[in-house]
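Residue numbers (this note's numbering), protein chains in the order written: chain A, 1 to 95; chain B, 96 to 424.
Because the hints were derived from the structure by calculation, they are not lab data.
Take the hints with a grain of salt, since some may be wrong.
[What the hints assert, rightly or not] One side of the interface only, derived from the structure: several residues of chain A facing chain B at Cβ under 7 Å:
(1) Lys-4
(2) Asn-5
(3) Gly-25
(4) His-28
(5) Asp-31
(6) Thr-44
(7) Ile-60
(8) Val-61
(9) Pro-65
The beta carbon of each residue, even a glycine, is placed where N, CA and C say it ideally should be.
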Amino acid sequence: MTEKNTPLWEVFIRARNGLSHKHAGSLHAVDAEMALQAARDVYTRRGEGQSVWVVRSSDIVASDPTEKEVMFEPTGSKIYRHPTFYDIPDDVGHM
Amino acid sequence: MYSQGLIGADGTTHEDEEFLTAFQARIDAELKIEPNDPMPAGYRKTLVRQIAQHAHSEIVGMLPEGNWITRAPTLRRKAALLAKVQDEGGHGLYLYSAAETLGVSREELVDQLLSGKAKYSSIFNYPTQTWADIGTIGWLVDGAAIMNQIPLCRCSFGPYARAMIRVCKEESFHQRQGYEIMLTLCRGSDEQKAMAQDALNRWWWPSLMMFGPHDAESTHSDQSMAWKIKRFTNDELRQKFIDATVPQAEFLGLTVPDPELKWNEDKGGYDHGEIDWNEFWSVVKGNGICNRARLKARRMAHDDNAWVREAALAYAEKASVRETAVAAQ
Ligand SMILES: [Fe+2]
Ligand SMILES: [Fe+2]
Ligand SMILES: [Fe+2]
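Chain B extracted, bound-state conformation (with noise of 0.2 Å):
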């Protein structure tokens, strides 16, 4: 999800050269940067960005799956599709906190994912439609997260870092209990398998996508790979995504949707097929099949509890203000 963070990320910096290398120096030896640290003014934008992103991600990312909560099989699966949800919901708000020691406030975060103004990953905009859809999704979505988050773990900015090493912690649960969904699909009657392979056959693609633009179009790659915001480049992460999960899929029975996906002996890894660009800058700038239905349930669900956010403050508000008089007497 994470390195679409970067699309648009302008590192553009105007600090002299001295500045500039005693800053490089710093990043070279692998020293951490922590937020009240002197930093390049594109070192803090691009981070803004990327975790911001990030996290308006996490939070979105809690829709598709909600959506299966009420209708989950067993109660098993319901109980682990709820900690999951809950997961992803803390995974917001361990990211967010990471961007706000740059200076930015929760408010307006939230605010520039509202307007529309934020990102989130292109995942996001494509609709569950069937139980399977939830086994695919922490199989692949979770699996592809995981292939990006686990490189961030050694992001150069602490924050971003730490709180990365909580959500890793916790995602190869989510990507564990969506194969174990794909098992008992591909285990089941021929309805079951089916519904398997069409979920697997929506979902193959738009996660290959997950991992932002090729290299070569990719084009503030460059100074975040510099600057060790990124270890690695989309496209290489989405090579170990593939050649990690086309064992999988072979393993549980399916067909990965991809007739030029051969094993290259050469390289060691699958050459596959080219992606669909433009469904992938379609969805990014709007037009994926959920895209305005997830803004609208993210904006609903802020103004309709905006009256608890108010009555909370009132409340406390009031309450130190009784304990101020009490003090007083």
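The following block holds chain A by itself, in its conformation from the complex (with noise of 0.2 Å):
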């Protein structure tokens, strides 16, 4: 068979408003419009949501899983980043 493979698409999804888009699944579309209905029939069956996003899979940029360390690590030692780093006396009551 001389098919080429039909794209794959990345879901996002809104359980509702307050709520951010968050990633639900893929799916293979040809095309935008039937990215979204299908994200619709595949993902949305019991009103899991209020509003979709779908994105080709090959446009989203990822960070170097190889680089995991170079990228992430410096923040681990910066504990002052944290509220729990700071003396507060007890008597101050909460901040």
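Assembling the complex is the task here: the two chains are given apart, and the hints tell you how they should meet.
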């Protein structure tokens, strides 16, 4: 068979207003319109969504997994970014 | 269905000791493995095989039940069955997507099913002869699937575990609608009750076979347990299923077709008769009643709809060329 592969899309769903869109899964579709319809059928059969985004998987730019340490390690030592780093006497009350 | 996915799975792997020890330590710490993480080749291979076979089972599983959609006895039953079969299609799609994260394409996976290279659960090679079979499938087959799939929600591979959580949420409706069909038949006329009993007689043993061979025969099970792809052995899950299902059969007033079935106080579970493993292996090897019909139906669907895939791709290409031309003006 000489058929071309159908492109892959990532599906993001907002469950309800007030929440952000969250990755729900992926699917194959030839274009955006078909991707949206398929996302509706595959991922929102029980009222899971108020809004759907579809993005071509090939358009997603991801961090390099082999550079995980360079990328995220520096924040590990910066404990002064957390509120618990600072000593406030109990007498001050909740802060 | 899903422990059958491991039949013939070869978890052999060739990484060095240090790599494997580090990987095992992550697994033992209950850290999830995500698609881009380093993983042993054997882990990847085992998962692709198991997830793909699980996906194929969902898709082929649509056929025996689809057979009854146009003949459902009421509109309520028809709507429920239609929704259930559509769910199974969805389960197949979630699972194919999870397998694809491991670097195999959808087209390859579908090819493996259509060429007969990949297997699917043996249970779907049995025919659905009466309406009671639809009730029995929901009750027993989806019931067994749930037993298998709940521990898979904690599988060490993230995408598979996430797909299973979605699937499990949807499965409980499947089992309940099946049991409700059985209840209605068992409270109906003598003929209806006999039909329910006949369906149980035919589906009981094949349902037990869904859990796969005995632990002693299940060669690659240990590696899958160590990698936490699998959390319980085949026999453990089968026992759980029997213990949960026998009281449900009693409630219906039906007899489980196993004269050796007996409550064992000491083990706190039922003892049961021996499964006909010759039948099991014969179905797995392609000689069940419906193996050929199932593959034929899948191939026909794929071939007959090739023009739709081609047309959709051609349309999308044309539209994008037009868009580029308009943008250039
Ligand atoms: Fe399913
Ligand atoms: Fe399933
Ligand atoms: Fe199901």
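Hints and how they fare:
With its C-beta approaching chain B no nearer than about 6 Å, A:Lys-4 sits inside the 7 Å limit, and its interface hint holds. Checking A:Asn-5 against chain B: minimum C-beta separation of about 5 Å stays under 7 Å; hint holds. Satisfaction of the interface hint for A:Gly-25 is found here, the shortest Cβ-Cβ separation to chain B being roughly 6 Å, below the 7 Å cut-off. Interface hint status for A:His-28: upheld, as the beta-carbon distance to the closest one in chain B is roughly 6 Å, under 7 Å.
Residue-level restraint check for A:Asp-31 holds (minimum Cβ-Cβ distance to chain B is 4 Å; threshold 7 Å). For A:Thr-44, the shortest C-beta to C-beta distance to chain B is roughly 10 Å, which exceeds 7 Å, and the interface hint is violated. With a least beta-carbon distance of about 13 Å to chain B, the hint placing A:Ile-60 at the interface is violated under the 7 Å criterion. The closest approach between the C-beta of A:Val-61 and any C-beta of chain B is roughly 14 Å, which is over the 7 Å cut-off, so the hint fails.
Taking 7 Å as the C-beta cut-off, the interface hint given for A:Pro-65 holds, the closest approach to chain B being about 4 Å.
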